[in-house]
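Chemist: Residues per chain are reported as follows:
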Amino acid sequence: MSERALIRRAQAGDAVAFTDLVCLHQRGLLALAIRLTGNDADGEEALQDALIIAFRRLSTFRGEARFSTWLYRITVNAALARRKRARRRAMPSLEEFLPQFNAAGRHKRIDVDLTGAATIEGRVSRRELRARLLAALARLPERYRAAVVLSDLQELPSREAAAILGIDAAALRQRVHRARLMLRGYLDTVAGRPR
Amino acid sequence: MIRTLTCRQVIAALMDYVDDRLAASTRRDVEHHLKTCGPCRDFAQGYRATPGVVRRATGVPRAASSLRPLCARALKRQPPRS
Numbered sequence: 001m002s003e004r005a006l007i008r009r010a011q012a013g014d015a016v017a018f019t020d021l022v023c024l025h026q027r028g029l030l031a032l033a034i035r036l037t038g039n040d041a042d043g044e045e046a047l048q049d050a051l052i053i054a055f056r057r058l059s060t061f062r063g064e065a066r067f068s069t070w071l072y073r074i075t076v077n078a079a080l081a082r083r084k085r086a087r088r089r090a091m092p093s094l095e096e097f098l099p100q101f102n103a104a105g106r107h108k109r110i111d112v113d114l115t116g117a118a119t120i121e122g123r124v125s126r127r128e129l130r131a132r133l134l135a136a137l138a139r140l141p142e143r144y145r146a147a148v149v150l151s152d153l154q155e156l157p158s159r160e161a162a163a164i165l166g167i168d169a170a171a172l173r174q175r176v177h178r179a180r181l182m183l184r185g186y187l188d189t190v191a192g193r194p195r
Numbered sequence: 001m002i003r004t005l006t007c008r009q010v011i012a013a014l015m016d017y018v019d020d021r022l023a024a025s026t027r028r029d030v031e032h033h034l035k036t037c038g039p040c041r042d043f044a045q046g047y048r049a050t051p052g053v054v055r056r057a058t059g060v061p062r063a064a065s066s067l068r069p070l071c072a073r074a075l076k077r078q079p080p081r082s
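If you're matching them up, the sequences are chains A and B in order.
Under the working numbering, think of the first position of the first sequence as 1, with each following residue one higher.
Under the working numbering, think of the first position of the second sequence as 1, with each following residue one higher.
The hints are simulated quantities; they were obtained by calculation from the structure and are not laboratory data.
Just so it is clear, CB atoms sit at the ideal spot from N, CA and C, and this is done for glycine as well.
Worth double-checking, as some hints may not be accurate.
[What the hints assert, rightly or not] The calculated EDC-like cross-link candidates involving lysine to aspartate or glutamate, where the alpha carbons are at most 16 Å apart (straight line), are: (1) K84/A to E121/A; (2) K76/B to E142/A; (3) K84/A to D42/A; (4) K76/B to E96/A; (5) K108/A to E96/A; (6) K84/A to E142/A.
[To be verified] Residues from chain A that keep clear of chain B, each with C-beta distances beyond 12 Å, as calculated: (7) Q48; (8) E64; (9) M91; (10) R106; (11) R127; (12) S158.
[To be verified] Taking CB as the label site, the calculated pair distances span: (13) I53/A to E31/B: 44 to 50 Å; (14) A24/B to P141/A: 44 to 50 Å; (15) E31/B to A135/A: 33 to 39 Å; (16) G59/B to S93/A: 21 to 27 Å; (17) E142/A to G59/B: 51 to 57 Å; (18) D168/A to T36/B: 34 to 40 Å; (19) I2/B to M91/A: 21 to 27 Å; (20) A12/B to S93/A: 17 to 23 Å; (21) Q174/A to A24/B: 42 to 48 Å; (22) A170/A to I2/B: 49 to 55 Å; (23) D20/B to A65/A: 26 to 32 Å; (24) K108/A to S66/B: 44 to 50 Å; (25) G59/B to K108/A: 31 to 37 Å; (26) R28/B to K108/A: 57 to 63 Å.
Sequences and hints are given; from them, build the entire structure.
Modeler: In structure tokens form, the structure reads like this:
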């Protein structure tokens, strides 16, 4: 059955059609929710919240945007809301890993290995890297986290990622760049080999 | 003519450089800096690698990706439609 037909049936209250519809996007949705909340359990809970909201609001979906864009937007909002509720203790922001420069505009620290991100996969186990990076994503300020997750990790086209966040393409690029800088710096320290 | 850029300027332009969105003259300036500045070269290498590393590390295993049980739980929490 086509996506459009599934949408019509789901809008009429058909739960099976709704499930089929969601399953068309399942890997992306689950990965999105986990990456935004920082762990598997919260990700699943957030996605469940999002699906409840989506089913309730399905009648308001008019097809102006793609269905996946509409569903992703709901999932982003649900995941960020759950992340806020679940925050048990303040974690230091990843902003400490932004590059630092001296007054002349040169790198301040050149005593660390700046290529950590490029070599880390051979140095740290996959399991450890996954746990560390999910935790690191959760430490990104919210606006940067959502931007980099949609754009770099979910690999959505810029226009779609920007539409989901309600910002323009230039703002999206700025946020993604800043998030990459923080994650890159964080990976240097995980690889952690002072010269 | 090559313009001398600082490391700060190069890092600020890195996303546009990686995505090939810089004007040709600015691209030349950035490339010149990268040829002569080891820290920026290393930094750029890590910057390029970062999205792929994070994407691969934080993906969902295929076996764990079925949303049917989760969807069923969500729909159970739904009040019946009047």
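Chemist: Hey, K84/A versus E121/A, does the alpha-carbon distance stay inside 16 Å?
Modeler: violated, 30 Å
Chemist: Could you say whether the range 34 to 40 Å given as a hint is met by the Cβ separation of D168/A and T36/B?
Modeler: holds, 35 Å
Chemist: Compute the least Cβ-Cβ separation between R106/A and chain B, then decide whether it is above 12 Å.
Modeler: With a cut-off of 12 Å, R106/A comes too close to chain B, as the shortest Cβ separation is near 5 Å.
Chemist: Is 44 to 50 Å a correct range for the gap between the Cβ atoms of A24/B and P141/A?
Modeler: The hint (44 to 50 Å, Cβ to Cβ) is violated, given that A24/B and P141/A are roughly 34 Å apart.
Chemist: Do the beta carbons of Q174/A and A24/B sit within 42 to 48 Å of each other?
Modeler: Since the Cβ atoms of Q174/A and A24/B sit about 23 Å apart, the hinted range of 42 to 48 Å is violated.
Chemist: So if I understand the rule, the pair passes when the alpha-carbon distance is 16 Å or less; does K108/A with E96/A pass?
Modeler: holds, 13 Å
Chemist: Return holds or violated for the Cβ distance of E31/B and A135/A against the range 33 to 39 Å.
Modeler: holds, 36 Å
Chemist: Is 57 to 63 Å respected by the C-beta to C-beta distance linking R28/B and K108/A?
Modeler: The hinted range 57 to 63 Å is violated for R28/B and K108/A, with Cβ atoms some 26 Å apart.
Chemist: Take a quick look at whether K84/A and E142/A sit within 16 Å of each other, Cα to Cα.
Modeler: holds, 10 Å
Chemist: Measuring from beta carbon to beta carbon, are G59/B and K108/A in 31 to 37 Å?
Modeler: Holds - the Cβ-Cβ distance for G59/B and K108/A, about 34 Å, lies within 31 to 37 Å.
Chemist: Within 44 to 50 Å or not, the Cβ separation of I53/A and E31/B?
Modeler: holds, 48 Å
Chemist: Holds or violated: the 51 to 57 Å window for the beta-carbon distance between E142/A and G59/B?
Modeler: Since E142/A and G59/B have Cβ atoms about 22 Å apart, the given range 51 to 57 Å is violated.
In the structure shown, a violation is registered for the earlier hints numbered 1, 2, 4, 7, 10, 11, 12, 14, 17, 19, 21, 22, 26, in ascending order.
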